[in-house]
Amino acid sequence: MTMQTEVFEGKLTTRSRMRKFGALLTGPGILWLTVFLLLPTLFLVVLAFAQRGSYGSINWDFSLENLKRLVGFSSFGWSADNLLILWRSLKIAVFTTILCVAFGLPMAFWIANHGKTMRTFLFMLIMVPSCTNLVIRTSAWMTLLGPDMFPAEIARFFGIIAEGESLYPGSFAVYIGMVSSMLPFAVLPLYTGVERLDWGVVEASRDLYAGPIRTFYHGILSQMMPGIIASVILTLVPSLGMYVISDLLGGGKYMLIGNLIQQQFGAAMDWPFGATLGVVLIISSVISLIIFQKVGGKNFV
Amino acid sequence: MSKHKLPLITPIVAIIGFILLYLPMLVVVEQSFNASKHGQTWGGFTLNWYTGLADNAMVQTTTANMLILAVISTLVATVLGTLLAIGIHRTPWGKKTQYFFDMSINVPVVTPDILMAIALVSVFALFRSWTSLFDPGMLTMIIAHVTLEISFVVLVVQSRLVSIGRDQIEAARDLYASTAGAWFRVILPQLSTAIISGALLAFTLSLDDFILSFFTSGPESQTLPLYIYGSLKRGISPQVHALSTIIFSFTLFIMLISVLKGLRKEKKLAKK
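Residue numbers (the numbering used here), protein chains in the order written: chain S, 1 to 301; chain Z, 1001 to 1272.
Read the hints as simulated data drawn from the structure, not as lab findings.
These numbers were taken from a predicted model, which means no experiment stands behind them.
Do not rely on the hints blindly, as some may be mistaken.
What the hints assert, rightly or not - Pair by pair, the computed Cβ-Cβ distance ranges are:
1. S:Val201 <-> Z:Asp1174: 35 to 45 Å
2. Z:Val1162 <-> S:Ile290: 19 to 29 Å
3. S:Arg19 <-> Z:Glu1220: 37 to 47 Å
4. Z:Val1162 <-> S:Arg19: 12 to 22 Å
5. S:Asp61 <-> Z:Ile1196: 46 to 56 Å
6. Z:Asp1102 <-> S:Glu195: 15 to 25 Å
7. Z:Met1255 <-> S:Lys11: 33 to 43 Å
8. S:Val295 <-> Z:Leu1269: 31 to 41 Å
For each residue, glycine too, the CB sits at the ideal point set by N, CA and C.
Same shape as in the complex, but just chain S (with noise of 0.2 Å):
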């Protein structure tokens, strides 16, 4: 085989030797990310399929019973304990997804409607919360919710919530404080979205006497919908593993995924188990990406 030269940035080279300095640029990452990342989840799999021995050590014979276990068999016959908590995670993480993009939508659409230095500034308005850590900013919500704070009241007027009630610990305190959290990474694609649109088809579908819904559903909705999938992923694939809001703010009622295997890496001591439950987040975050491949995404940011 003969090297064929090429002109790369303007510099008479081969691809061969492209791609060697190519991988020494991108070599320190990839390698991270192959150590600490795939190997990791690729144990974790494996682990998946061990059995917990005695004194939580980690006996290697391999077995489904993991599998068993989380559909809700063992030795006391069958119980829909662990399908019941798949299927509340699954519940709340959905429903603070579409919470979270019915928000981020609009705002996204609000801030690039500013100016240039405006539209930066309220932009980086939106991660400005987050350098506060997400446990504080929960435990002010724990506050801010309870019996004689205003939201309390503004609820008690409105008999929403009955004399001496406050709103949390309950359902409605989980989903403000699961919206308040991850809106930032709801709004991070969908604002990038906006920018790129091409406002000559809505324009365009406005010349030719469409009406408003139908000028949003062809011409606006169609363009940001690789962003909006974006969106959804950013917020559905972390809400699923999150369990510290529902912990703090659901009055420990809301048990979770996310409790359930810090449980068996805590004080159960059942890596293996708790390594199936990670398989079930495995296989979620698959899916997502996948879908994300589909609608033509490229980059989630």
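Got chain S; can you put chain Z on it based on the hints?
Leaving out everything else, chain Z in the frame of chain S:
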């Protein structure tokens, strides 16, 4: 300076969204000046929590740990991520390799924190049978945070590289710049803002993280969020609110300055 007519509902919902983001911050700020300790009620104005920070050794060490973790992991992730983005962008990779790169960048983004945490904890336990380097502590936490941050840096830097395009470097080469010279003097200065925003995003992710730290920390490497979570049942010390308020106002202040600068520039351009 609005460009398009948006329906009235848009700004209303958008502002409600901002309120959702900022209400907890308001509570934090309010509590930092509130004399009543577990204050659902206003007990008068005080600066005691701020002055008390100087004496609270636990808050000091855990804050220091949090900042060390955030700074080091951000630096490592920014260097690795920037090199990775440049390497992917400028090299004529084959279709399959390109796909592999796209995947390796997107996978960490869609990995829930807790999954990353338990995978790392398991593999650290495995590594520990060969070396004590992976005992739970600062190093394991840094590794976890870098793994979380890398791909976000790559995504930010990459999107800027795409918008810079290839024409400029060819123009620089036509004007007799060396490849290295063109990269360092033409592309990197333009890329610097993207690298900085990538680093800021990484830094924010690190400060906001709880789950990764919770799983990978050791007895000597408690960070502020872990300490707070542990003491939550007794109620957060208002000193933590004072500290959070300081960090929060500092970020806001820096942003306001950069915005004022930008506005002045815009005005100048408009005059011309």
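Going through the hints against the structure:
1. In this structure the supplied range 35 to 45 Å holds for S:Val201 paired with Z:Asp1174, their Cβ-Cβ distance being about 37 Å.
2. Range check, Z:Val1162 to S:Ile290: Cβ separation about 24 Å, and the 19 to 29 Å hint holds.
3. About 44 Å separates the C-beta atoms of S:Arg19 and Z:Glu1220, a value consistent with the hinted range of 37 to 47 Å.
4. Range check, Z:Val1162 to S:Arg19: Cβ separation about 20 Å, and the 12 to 22 Å hint holds.
5. Remark: the range hint 46 to 56 Å for S:Asp61 to Z:Ile1196 is upheld by a beta-carbon distance near 52 Å.
6. About 21 Å separates the C-beta atoms of Z:Asp1102 and S:Glu195, a value consistent with the hinted range of 15 to 25 Å.
7. At roughly 41 Å, the beta-carbon separation of Z:Met1255 and S:Lys11 lies within the given 33 to 43 Å, and the hint holds.
8. Range check, S:Val295 to Z:Leu1269: about 38 Å between beta-carbon atoms, so the 31 to 41 Å window is met.
Consistency with the previously given hints is maintained throughout, with no hint failing.
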